[in-house]
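Novice: Chain residues, written in single-letter form:
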Amino acid sequence: MKIRKLNRDLHRDLGYIFFAMTVIYGLSGIALNHIDDWNPNYIIRSKEISATISTVDFKSLKRENVISLLNEVAPGEKYKNHYFPEEGTLKIFIKDGSIQLDTQTGQGKLETSKRRAIFHQFNYLHYNPRKWWTIVSDIFAGSLILLAFTGLFVLKGKNGITGRGAWLTSVGIIVPLIFLLLYYWNVF
Amino acid sequence: MFKKIFGVLAIAVLLYSCGTKQTESTVEKVNVETLMASIDNYIDKDVVVSGTVSHVCAHGGKRLFLIAENPDLAIKVIPTEELGVFNKDVEGSSVNIYGKVKELRIDDAYIANMETEMKEGVESEAAHTHDGEHNIEHKTVELDSAQIQKITDLRSEVAESGKGYISQYWIECNKIETVEIPAEETVNEVSEEIETEEKTVEAEK
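Here the protein sequences line up with chains A and B, keeping their order.
Residue 121 in this note's numbering sits at position 113 of the first sequence, and the numbers go up by one each step.
Residue 151 in this note's numbering sits at position 138 of the second sequence, and the numbers go up by one each step.
By construction, these hints were calculated from the structure, which means they are not laboratory data.
None of the values given here were measured: they were computed from a predicted structure.
Do not rely on the hints blindly, as some may be mistaken.
Pairs of lysine-lysine residues, derived as BS3-like cross-links and limited to a Cα-Cα distance of at most 30 Å, are as follows [as the list claims (entries may be wrong)]: (1) K67/A / K99/A; (2) K132/B / K75/B; (3) K188/B / K99/A; (4) K75/B / K99/A; (5) K75/B / K139/A; (6) K117/A / K86/A; (7) K58/B / K139/A; (8) K99/A / K115/B; (9) K70/A / K42/B; (10) K89/B / K139/A; (11) K103/A / K117/A; (12) K89/B / K103/A; (13) K75/B / K103/A; (14) K58/B / K115/B; (15) K113/B / K99/A; (16) K67/A / K55/A; (17) K75/B / K86/A; (18) K55/A / K75/B; (19) K75/B / K122/A; (20) K99/A / K86/A; (21) K166/A / K10/A; (22) K122/A / K188/B; (23) K113/B / K103/A; (24) K117/A / K75/B; (25) K103/A / K55/A; (26) K188/B / K103/A; (27) K139/A / K115/B; (28) K188/B / K139/A; (29) K89/B / K86/A; (30) K89/B / K55/A; (31) K117/A / K89/B; (32) K139/A / K113/B; (33) K103/A / K42/B; (34) K139/A / K122/A.
Non-contacting residues of chain A with respect to chain B, defined by C-beta distances greater than 10 Å in every case (computed) [as the list claims (entries may be wrong)]: (35) Y24; (36) R53; (37) K67; (38) I153.
Cβ coordinates follow ideal geometry from the N, Cα and C atoms, glycine included.
Based on the sequences and whatever the hints tell you, model everything.
Specialist: Right, dumping it as structure tokens:
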């Protein structure tokens, strides 16, 4: 009786403590699962631009010339730096982005990036940025295992592990097992 | 008792700060051009490398590329576990990278292993190029034409090197510092200034 109460209390308290961590890892887990399809950290916007380059001498380009050019193609953007990544291409770094310009045609692309709220912060943590966070996330991972086991024994009776719980737990075991058989052991 | 503990702590802090300063002063400061000109002399050495950040990996900030005045000269920079990740905000900034220069020797055995890893869907570090592009579509067992070409190119480079290997270099960065550029200077002018500074230091020695 006492063990069941202890189990329930532990499950409840760990659930409270690790509520935020579960949301962080759950949300960033989904984000990172789809990293090939989108950038979970930044919202990247790009826009075609066109500059009047007939008056620009790219061979002796000064900072002030680049700023004038920038004001023409992207007014309001703040100049940071510039360089020629290859012949015929000028790259202008601006605050939160860059402009790539063809020095022959004046055609180019303005790309700006903005941190994706919540995802940027959560993904930062998911990437295990520092040693101490790794320790915290290890504790969380261990606690998840504990949560899983204590969760099995929270209820008694027909909804407990001997009834409905047994079926649902079995389903939860079978699903990853099917994928292992499919992908890992190549059974089918 | 409290005074004793406080005294010991104060001494410890003082000693630590002195030690830190001494370490920083012995680290050689170079720009990307100087580093790349004789990079073999810097392998596994602590350095401070100045340059311009041309690209930061936007997906995770796990790497950036540092370029010289001549943008063909570039070096990959990877953060240490302690530093974690790079912020994309540093893209386009002039920075000082504190860290250790590392070398990876790519020989035939390495390429064979890389080919296997590619086939297994593992993205090899060597697949990253200095322009910041990295193909993450390595999930098929059969290599695509770009991957086959990359491996062929690497094998040719190794064969042409005459040493039996080619080297890839990067900096393992433990600290990044953004350098403010005065309004009248361009990236080129900054590089020139660093070179002048180095010459002055050498002359003083």
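Novice: Each hint should be assessed against the structure and marked as holding or not.
Specialist: Outcome of the hint check:
no.: 1; hint: K67/A / K99/A; verdict: 14 Å, holds
no.: 2; hint: K132/B / K75/B; verdict: 23 Å, holds
no.: 3; hint: K188/B / K99/A; verdict: 26 Å, holds
no.: 4; hint: K75/B / K99/A; verdict: 22 Å, holds
no.: 5; hint: K75/B / K139/A; verdict: 15 Å, holds
no.: 6; hint: K117/A / K86/A; verdict: 16 Å, holds
no.: 7; hint: K58/B / K139/A; verdict: 23 Å, holds
no.: 8; hint: K99/A / K115/B; verdict: 29 Å, holds
no.: 9; hint: K70/A / K42/B; verdict: 27 Å, holds
no.: 10; hint: K89/B / K139/A; verdict: 23 Å, holds
no.: 11; hint: K103/A / K117/A; verdict: 15 Å, holds
no.: 12; hint: K89/B / K103/A; verdict: 22 Å, holds
no.: 13; hint: K75/B / K103/A; verdict: 20 Å, holds
no.: 14; hint: K58/B / K115/B; verdict: 8 Å, holds
no.: 15; hint: K113/B / K99/A; verdict: 29 Å, holds
no.: 16; hint: K67/A / K55/A; verdict: 26 Å, holds
no.: 17; hint: K75/B / K86/A; verdict: 26 Å, holds
no.: 18; hint: K55/A / K75/B; verdict: 26 Å, holds
no.: 19; hint: K75/B / K122/A; verdict: 18 Å, holds
no.: 20; hint: K99/A / K86/A; verdict: 14 Å, holds
no.: 21; hint: K166/A / K10/A; verdict: 21 Å, holds
no.: 22; hint: K122/A / K188/B; verdict: 24 Å, holds
no.: 23; hint: K113/B / K103/A; verdict: 29 Å, holds
no.: 24; hint: K117/A / K75/B; verdict: 25 Å, holds
no.: 25; hint: K103/A / K55/A; verdict: 16 Å, holds
no.: 26; hint: K188/B / K103/A; verdict: 22 Å, holds
no.: 27; hint: K139/A / K115/B; verdict: 22 Å, holds
no.: 28; hint: K188/B / K139/A; verdict: 15 Å, holds
no.: 29; hint: K89/B / K86/A; verdict: 26 Å, holds
no.: 30; hint: K89/B / K55/A; verdict: 28 Å, holds
no.: 31; hint: K117/A / K89/B; verdict: 25 Å, holds
no.: 32; hint: K139/A / K113/B; verdict: 19 Å, holds
no.: 33; hint: K103/A / K42/B; verdict: 27 Å, holds
no.: 34; hint: K139/A / K122/A; verdict: 27 Å, holds
no.: 35; hint: Y24; verdict: 28 Å, holds
no.: 36; hint: R53; verdict: 13 Å, holds
no.: 37; hint: K67; verdict: 13 Å, holds
no.: 38; hint: I153; verdict: 24 Å, holds
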